[in-house]
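Asks: Spelled out from the first residue to the last, the chains are:
2 protein chains.
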Amino acid sequence: MAPEKSKILIIGGTGYIGQFVVEASAKAGHPTSVLVRESTAADPLKGKLIDKFKNSGVTLVFGDLYDHQSLVNEIKQADVVISTVGKMQIPDQTKIIAAIKEAGNIKRFLPSEFGIDVDHQNAIEPASSMFAEKVQIRRAIEAERIPFTYIACNCFSGYFLSTLAQPGAAAVPPRDKVTIHGDGTPKGTNEFMHHSLLEIFHLDFVFVAVFNEEHDIGTYTIKAVDDPRTLNKILYIKPPENICSLNELVSLWEKKIGKSLERSYVPEEQLLKLIQESPFPMNVALAVSHSIFLKGDVTNFEIEPRFGVEASETYPDVKYTCVDEYLDRFV
Amino acid sequence: MAPEKSKILIIGGTGYIGQFVVEASAKAGHPTSVLVRESTAADPLKGKLIDKFKNSGVTLVFGDLYDHQSLVNEIKQADVVISTVGKMQIPDQTKIIAAIKEAGNIKRFLPSEFGIDVDHQNAIEPASSMFAEKVQIRRAIEAERIPFTYIACNCFSGYFLSTLAQPGAAAVPPRDKVTIHGDGTPKGTNEFMHHSLLEIFHLDFVFVAVFNEEHDIGTYTIKAVDDPRTLNKILYIKPPENICSLNELVSLWEKKIGKSLERSYVPEEQLLKLIQESPFPMNVALAVSHSIFLKGDVTNFEIEPRFGVEASETYPDVKYTCVDEYLDRFV
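Chains A and B are the protein sequences, given in the same order. The first sequence begins at 8 in my numbering and counts up by one. The second sequence begins at 8 in my numbering and counts up by one.
One or more of the hints may lead you astray.
Note that the list lumps identical chains together, so a pair holds whenever it fits in one copy or between two copies.
Subject to a maximum C-alpha distance of 20 angstroms in a straight line, what follows is the list of computed DMTMM-like cross-link-like pairs (lysine to aspartate or glutamate) [claimed, not checked]:
(1) K102 <-> E140
(2) K262 <-> D335
(3) K280 <-> E132
(4) K108 <-> E45
Hints in this document: simulated from the structure, not taken from any laboratory. Note that this is a predicted model, so its numbers are computed, not measured.
One chain only, chain A, in its complex shape (with noise of 0.2 angstroms):
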């Protein structure tokens, strides 16, 4: 007999990728909630979604974060809670751990994480601010002793993808020219070698990234919440084919569409002063791509199993979207 699925409360669910582990989660039969304020409900924008959702056999659930009773009693019913907070709730999260706590019977937490591994990076301003409030969160979970996994999905197709990488509004690939912080180019940036490499040529900011589907970092997410291996242990998607530098990225889309792409690149002198002579948000934008390209923050470390493990290896059987057929949806 197949051990019982957990109780999953969502928090956060009708957000960017947090829509996506509600998928997941139900459809892999977990009992599902998702906590959604009622003006959420109600708002038109979401109205798609929240029916999607009720179709999927998901269970509605209204409170807020700021309810810290009616948010423990919402928590007593589930045995996993997810956040999938959106980045102006990213420190209001205490409020989850302290219900958490006070429930006292929760398995596993899953902190508003689906980015970089916010304690292996090199993040400048104000990038780094922002990250720096992810690793209280960990650091207060930890204190709490509650079970938690974090999840490093690195970048979402949706935006990197679509855009290859080019911090604009447009959903769709350039076809014209295209922009490249840093030099783009090598790959494997794990090998010491490469490194003496780097430092040889001076080529000190040409790393790789991963680009990870929205359905697949859902997937992986649920996966993980029942299984012992991934217990206090940071979950990083990083399937080998997803990882690529820009300079490939846009090889792969000029091949598709049969057309050479002008390609600028931004020096990395270059950015940080664009990235000091930008507004917020965008300043955030352009932090956030130096530390993905140039400082190589998604790629210039190894996992180590007593902090974590990958997602594609631990998962073998799930048949990850990877970058090649995804820019093959925009052809």
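Got chain A; can you put chain B on it based on the hints?
Replies: Okay, now just chain B, sitting in the frame of chain A:
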């Protein structure tokens, strides 16, 4: 004999808008101090700016927001405190409020605003949460009865004009294609008649914005600090020549470069969907654009004497840079 100029302490002076406020303060002859963290002073990226401050007679004071006693001591040396801290530190301005309260000598406090008037806006999430942080700081200042001025400087030219309001990275206006949020046309949305026209033609989202040059923002800010007319008021920077719609902006640019741009319009429904489907920070950039260009949050209300004054009217001696001149820089 001219009255003595008040002593100004600026917190966040090395940031995007802070540097212009510092420059204007020194230029106007105010004894000017800038609170900087030692790490900021040692940052090579800030070296040039720090040197510029020193050369213009600005005093660097080492310290930070989170060291209450040293903050109180520094505040005791000043008459006026101006905060230009970045987005990530907005909520932490409660530390400045507490220190001003304890010091007891401050004649005027200008918290970090430098955007739209957050008490007159209809923004949607996630912009609304961001604006709410500034609202909370306003209410905390008022509750403590600290004399204040709020600077509503509307859109930074360096961000909005250099890109023609394209939420992207390149700091030069596009020469081929341009994307306009909303329909982009009419002007003069303060008139009632116009509102009716909007309703008749179902043009819901056609507001003008105000684009101000950063040096001018600094100049007007410093003009306000000793002025009884701005005491406990909002200073709106809305010079008549800087008010225009996106379509007017694009037409002006087209005339300058002698070339037509391909204009794509993004209807409100599509923009709302894009906001929902974009991760942080692009969702914030788009929601701010929605607030400005589709809700008209910069121009859809009258400035009433009980809560505010307009800068170019109040200080007619300031020769501000108008939008037309600003765009000449890029031709």
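Asks: Against each hint, give a clear statement of whether it holds in the structure.
Replies: Tested hints:
For a Cα distance limit of 20 angstroms, the shortest separation of K102 from E140 qualifies both inside one copy, at 14 angstroms, and across copies, at 18 angstroms. Within a single copy, K262 and D335 get their C-alpha atoms as close as 11 angstroms, which meets the 20 angstroms cut-off; across copies the closest is 39 angstroms, which misses it. Within a single copy, K280 and E132 get their C-alpha atoms as close as 12 angstroms, which meets the 20 angstroms cut-off; across copies the closest is 30 angstroms, which misses it. Proximity of K108 and E45 under a CA criterion of 20 angstroms is satisfied in neither setting, with 25 angstroms inside one chain copy and 38 angstroms between copies.
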